[in-house]
Amino acid sequence: MLEASIQKNDKQARILIGVFSFVVFAAVVLLSKFKLSLHLGFDVHIFAMINAIINSIIAVLLIAALVAVKNKKYDLHRKLMFTALVLSILFLVSYIAHHLLAGETKFGGEGVIRIVYLLILFTHIFLAAIILPFILFTAYRALTGEFAAHTKLARYTWPLWFYVAVTGPVVYLLISPYYI
Amino acid sequence: MIAILIPAVSYILLKTASDHAVVMPRKYLLDSVVTVVKNGKQEDDSIWHVTKNIRLINQLGDTVHLYDRQGKIIVLNFFFTSCRSICPMLTHNMVKMQQSFMNGGEVRNKIDTSIVQFISMSIDPERDSVSVLKNYADRFGVNPDNYWMLTGKKDSIYRFAFEELKVDQFSVEPISPDFIHTSRFVLLDRNMVVRGYYDGLDKDSTSLSQLARDIGLLMLEKDKTKKSELFLEIIDLKWLWAIVVLIVVVFVVVFYRNRNN
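The listed protein sequences correspond, in order, to chains A and B.
The opening residue of the first sequence carries number 1 in this note's numbering; numbering runs sequentially from there.
The opening residue of the second sequence carries number 1001 in this note's numbering; numbering runs sequentially from there.
Hints in this document: simulated from the structure, not taken from any laboratory.
Here the structure is a predicted model, which means the values were calculated and not measured.
Do not rely on the hints blindly, as some may be mistaken.
[Stated by the list, open to error] Taking lysine to any residue and the SDA-like style, the derived pairs with C-alpha atoms no more than 25 Å apart in a straight line are:
(1) K1238(B) to R78(A)
(2) K1222(B) to L76(A)
(3) K1238(B) to L85(A)
(4) K1072(B) to S5(A)
(5) K106(A) to V1253(B)
(6) K33(A) to M1001(B)
(7) K70(A) to K1238(B)
(8) K35(A) to R1259(B)
(9) K70(A) to A1242(B)
(10) K73(A) to R1259(B)
(11) K72(A) to A1242(B)
(12) K73(A) to W1239(B)
(13) K35(A) to I1004(B)
(14) K73(A) to G1071(B)
(15) K72(A) to V1244(B)
(16) K73(A) to V1244(B)
(17) K1238(B) to L87(A)
(18) K35(A) to A1003(B)
(19) K1238(B) to Y74(A)
(20) K72(A) to W1241(B)
(21) K70(A) to V1244(B)
(22) K1238(B) to L76(A)
(23) K1222(B) to R78(A)
(24) K1072(B) to A4(A)
(25) K70(A) to I1243(B)
(26) K1238(B) to W158(A)
With the rest of the complex left out, here is chain A (with noise of 0.2 Å):
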């Protein structure tokens, strides 16, 4: 097992989790009421697509860090979750960036493929919008040390990150033939 990197202190690291996660998601809802019509000189929907290569990579570095805690090789799975989280910010940064040049895109399908597509975009933007501060307060179970109460809380921020993460992919494929 690994050493406790911070000291414990439950309800500072409360307030900063929340304080932060709410900072984000506010940043988040307020950025994409606005539109900035720049003329860049290239195309802003690359951001989208950076996006989905992101979440992509953080899908298979979830997976690879969980099969690593299985094997007992804690150091590695440290390694792979700190580039997941540093992913995460930079993720963030573009996703922010896409929104804010390219505003919203109307999904042009129609039918099942549309019932389809609203079904994982609307689970992945609810699970999207409060998955965060999971991941924080996982990732201080296990910078404190406590390793049993980051296994329990890691059972429900795994599989919720993992699904947000190959969904954003998903939903990048279905609606990126409409972008204009």
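With chain A held as given, fit chain B onto it using these hints.
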């Protein structure tokens, strides 16, 4: 504009403020200067003297090598048990330093204190047998885990003191080659390079706190001989990189096919 300016200004401010805030302990013993060609450029590279290994016996009767403690920071001095003048004070100060590094910091948050190894070498090894050293160590409350009191062959200890540590260097008082009666504490870094000489009697009452500070700095010093291990394992995961490349290629292809339609 602002998005570039704010980070840039912060970086410059922080850099100018912090560059001279910490003075790393200098290296003392220069072996030679070699000229190497690096990336097509000629550079002078100083080769610092790396302390050679020595085999001695500690207060528990175990045969130990200096290199058993490779990768640790070493604080070393010379003494002998029948000494009535300065040695008790030196040992006392050494033990105090050992204890302060043991107790330091929060339990959860502490740095690994076992990273420091304290060593006192007897300069009268014929009389300082293992049992004599053990008695002496117990009297001062020495914790043998990371504080060795060493005895062994007299000539190898003396050779070590003069040729490897150069205890007489930069010394104001002359040190007799037949009897290393010095109050100096010698500091070695993780790569066995001498990084400082300190007055173990602490007459000016700053040298030991300086030593403690320097130990802390050496603990944090970046080891340039070692590659960062943080992402090494991830870089090693070839299959992971293969998947990442595959993902990137697939999405780029999808992207361009969509845009061209």
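Cross-check of the supplied hints:
Distance hint between K1238(B) and R78(A) is fulfilled; the C-alpha atoms sit about 18 Å from each other, no more than 25 Å. Taken as a hint, the K1222(B) and L76(A) pair is honoured in the structure, with Cα atoms around 22 Å apart against an allowance of 25 Å. For the proposed pair K1238(B) and L85(A), the alpha carbon gap of about 20 Å is at most 25 Å, so the pair holds. A hinted pair counts as satisfied when its Cα atoms are at most 25 Å apart, and K1072(B) with S5(A) qualifies at roughly 21 Å.
At most 25 Å may separate the alpha-carbon atoms for a hinted pair to count; K106(A) and V1253(B) meet this at roughly 22 Å. With a C-alpha separation of about 23 Å, the suggested pair K33(A) and M1001(B) falls inside the 25 Å cut-off, and the hint holds. The suggested pairing of K70(A) with K1238(B) holds, with an alpha-carbon distance near 20 Å, which does not exceed 25 Å. With a C-alpha separation of about 21 Å, the suggested pairing of K35(A) with R1259(B) holds against the 25 Å cut-off.
Distance restraint check for K70(A) and A1242(B): the Cα-Cα separation of roughly 22 Å lies within the 25 Å cut-off, and the hinted pair is therefore satisfied. For the suggested pair K73(A) and R1259(B), the alpha carbons sit about 43 Å apart, so the restraint of at most 25 Å is broken. The hinted pair formed by K72(A) and A1242(B) meets the criterion: a straight-line CA distance of about 24 Å does not exceed 25 Å. Among the hinted pairs, K73(A) with W1239(B) is consistent with the structure: their alpha-carbon atoms are about 17 Å apart, no more than 25 Å.
Taking the CA atoms of K35(A) and I1004(B), the gap is about 21 Å. The hint holds against a cut of 25 Å. Of the supplied pair hints, the one linking K73(A) and G1071(B) holds, its CA atoms being roughly 24 Å apart against a limit of 25 Å. Restraint check for K72(A) and V1244(B): satisfied, since their Cα atoms lie roughly 24 Å apart, inside the 25 Å limit. About 21 Å separates the Cα atoms of K73(A) and V1244(B), which keeps this hinted pair within 25 Å; it holds.
Between K1238(B) and L87(A) the CA atoms are separated by roughly 19 Å; this keeps the pair inside 25 Å, and the hint holds. With a C-alpha separation of about 18 Å, the suggested pair K35(A) and A1003(B) falls inside the 25 Å cut-off, and the hint holds. Pair hint K1238(B) plus Y74(A) holds up; C-alpha atoms about 19 Å apart against a cutoff of 25 Å. Proposed proximity of K72(A) and W1241(B) is supported: the alpha carbons are some 22 Å apart, at most 25 Å.
Simply put, K70(A) and V1244(B) have alpha-carbon atoms about 22 Å apart, close enough for the 25 Å limit, and the pair holds. Between K1238(B) and L76(A) the alpha-carbon distance is near 14 Å, which keeps this suggested pair within the 25 Å criterion. Of the pairs offered as hints, the one joining K1222(B) and R78(A) holds, with about 22 Å between alpha carbons and a cut-off of 25 Å not exceeded. Using a Cα cut-off of 25 Å, the hinted pair K1072(B) and A4(A) holds, with the two alpha carbons roughly 22 Å apart.
With a C-alpha separation of about 21 Å, the suggested pair K70(A) and I1243(B) falls inside the 25 Å cut-off, and the hint holds. Between the alpha carbons of K1238(B) and W158(A) the distance comes to roughly 24 Å, so the proposed pair stays at or under 25 Å and holds.
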